[in-house]
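Chemist: Given next are the chains, with one letter for each unit.
There are 2 protein chains.
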Amino acid sequence: MNIVLLDPRQTQSDIWTISSKRQIEHLQTHVDVKIGDTLRVGIREGKRYLTEIIDISENSIQLRPLKEESIPKKLPVTLIVALPRPKVLRRLIMDAVTLGVDKLILIHSYRVDKSYWQTPFLQQLDHYVTLGLEQAGDTFAPKIELYKRFKPFTEDILPTLIAEKNPAYVAHPYAEQKMPFAIDHPCSVIIGPEGGFIPYEIDLLIKNGCQAVSLGNRILRTESAIPYVLGRLFGAT
Amino acid sequence: MNIVLLDPRQTQSDIWTISSKRQIEHLQTHVDVKIGDTLRVGIREGKRYLTEIIDISENSIQLRPLKEESIPKKLPVTLIVALPRPKVLRRLIMDAVTLGVDKLILIHSYRVDKSYWQTPFLQQLDHYVTLGLEQAGDTFAPKIELYKRFKPFTEDILPTLIAEKNPAYVAHPYAEQKMPFAIDHPCSVIIGPEGGFIPYEIDLLIKNGCQAVSLGNRILRTESAIPYVLGRLFGAT
Numbered sequence: 002m003n004i005v006l007l008d009p010r011q012t013q014s015d016i017w018t019i020s021s022k023r024q025i026e027h028l029q030t031h032v033d034v035k036i037g038d039t040l041r042v043g044i045r046e047g048k049r050y051l052t053e054i055i056d057i058s059e060n061s062i063q064l065r066p067l068k069e070e071s072i073p074k075k076l077p078v079t080l081i082v083a084l085p086r087p088k089v090l091r092r093l094i095m096d097a098v099t100l101g102v103d104k105l106i107l108i109h110s111y112r113v114d115k116s117y118w119q120t121p122f123l124q125q126l127d128h129y130v131t132l133g134l135e136q137a138g139d140t141f142a143p144k145i146e147l148y149k150r151f152k153p154f155t156e157d158i159l160p161t162l163i164a165e166k167n168p169a170y171v172a173h174p175y176a177e178q179k180m181p182f183a184i185d186h187p188c189s190v191i192i193g194p195e196g197g198f199i200p201y202e203i204d205l206l207i208k209n210g211c212q213a214v215s216l217g218n219r220i221l222r223t224e225s226a227i228p229y230v231l232g233r234l235f236g237a238t
Numbered sequence: 002m003n004i005v006l007l008d009p010r011q012t013q014s015d016i017w018t019i020s021s022k023r024q025i026e027h028l029q030t031h032v033d034v035k036i037g038d039t040l041r042v043g044i045r046e047g048k049r050y051l052t053e054i055i056d057i058s059e060n061s062i063q064l065r066p067l068k069e070e071s072i073p074k075k076l077p078v079t080l081i082v083a084l085p086r087p088k089v090l091r092r093l094i095m096d097a098v099t100l101g102v103d104k105l106i107l108i109h110s111y112r113v114d115k116s117y118w119q120t121p122f123l124q125q126l127d128h129y130v131t132l133g134l135e136q137a138g139d140t141f142a143p144k145i146e147l148y149k150r151f152k153p154f155t156e157d158i159l160p161t162l163i164a165e166k167n168p169a170y171v172a173h174p175y176a177e178q179k180m181p182f183a184i185d186h187p188c189s190v191i192i193g194p195e196g197g198f199i200p201y202e203i204d205l206l207i208k209n210g211c212q213a214v215s216l217g218n219r220i221l222r223t224e225s226a227i228p229y230v231l232g233r234l235f236g237a238t
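These protein sequences, in sequence, are chains A and B.
Under the numbering used here, the residue at position 87 of the first sequence is numbered 88, and the numbers go up by one with no gaps.
Under the numbering used here, the residue at position 108 of the second sequence is numbered 109, and the numbers go up by one with no gaps.
Each hint should be verified, as a subset may be incorrect.
What the hints assert, rightly or not - Per the computed footprint, the stretches of chain A lying under chain B, defined by three or more beta-carbons under 8 Å from a beta-carbon of chain B, are: (1) 117-124; (2) 133-147; (3) 175-185; (4) 214-223; (5) 230-236.
As the list claims (entries may be wrong) - Examples of chain B residues lying across from chain A (beta carbon under 10 Å, computed): (6) 74; (7) 181; (8) 217; (9) 224; (10) 231.
Source of the hints: derived by calculation from the structure; they are not laboratory data.
A quick note: this is a predicted structure, and the numbers were derived from the prediction, not measured.
Heads up, the beta-carbon is just placed ideally off N, CA and C, and yes, glycines get one too.
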């Protein structure tokens, strides 16, 4: 937690109040906050401030804003990921948000177990988005979309995301072309499930405008493939 | 698991035998192997082969090697990480191995809880190395070293790792210089604990030859910082 994210309603008066049990516990256990300390605070979907702690009680921490701070920019990327198993999903959402993904799309694929779509975590995405924003020091949630059917997504939605200067790359271990690096334009990146997309899916993605690209001859887990790809594509920016 | 890693002793005769319960269970549950299927197999610290399954029983799977395959190259990087909490450590070891880190060094730092050095996972590193190699399709374990004292490591060991064409970069959110990208030389990368190195530690690292570099203005978790940095540094190779 590198900033504390507040709801706009908590910042209406001159004195702001942290009342979330999770945030208060974190600040007391990991940061050991004291009156007079400064604290970075973001207003959800709004600005970010350096604040001063003016009161601490068991159930609330009171703050006074000192000065506005800049918010990190998003990466110009739409990340499209085959829904991973629930345990991985939580970390994946947090990491994608922390890394600054502008839009996240979760899709079905042949090797995605249908039970994954029933996980309660999908009802709690907002919580993991909050954790990711607090880690990054960001205040703006990325757009998140879910598509439970691969073919309609690939044929109807995906083509609307692709343009000449906005290509879509699907990571595929056996592609001959390599994933580009240090690009200076927006793009979509598609990451398959553990075990990969099946040939029919790769073919349909390519038919609908995707470029199949290889990340090299090491096969990465979904969770590590995402930061690896984003570092490779946008590390120069 | 993209290859099955065998001990050289299991590959002495013309017929090779998988006898590990973990490997057999994985192959039967996730891959649904059948007699006649091909299977990628690596010999620990040795070659990698495409093999054919010739017999399956409850406690063993028998193979016949068909042809040798190439092994992915290591990245020319020494990754130095402040020991993370045990749960993170396991994934970090696996990911560092999968990504192809040539040498991994775990060090102490002020913000590393001393209890982390007592975790049983540190006695099981070899298991997580095996999982990382099987994911990557690699057979060679990276060198792993542990240093429980920050100052002697930084003053006595670290300078021996640094040369003109082999710099050491320490990721530091407040550094003015940016982490380079797409480099064509070896290097060491140093990743601090959650909460970061303390100023004394950053100063000592710099005094001993490190360059403090920023990864941008998003603060990443250790686990996602590692693949992000490696994608950024070596994504072009």
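Chemist: Hint by hint, note whether the structure agrees.
Modeler: Status of the hints after comparison with the structure:
1. 117-124: violated (count 0)
2. 133-147: That given contact holds, which follows from 4 residues of the segment 133-147 of chain A lying within Cβ reach (below 8 Å) of chain B.
3. 175-185: holds (count 3)
4. 214-223: This one holds; 6 residues, not fewer than the three required, reach chain B with a Cβ under 8 Å.
5. 230-236: Per the Cβ count (6), the hint holds.
6. 74: 8 Å, holds
7. 181: 9 Å, holds
8. 217: Holds, about 7 Å.
9. 224: 8 Å, holds
10. 231: 6 Å, holds
Hint compliance for this structure: hint 1 alone is broken.
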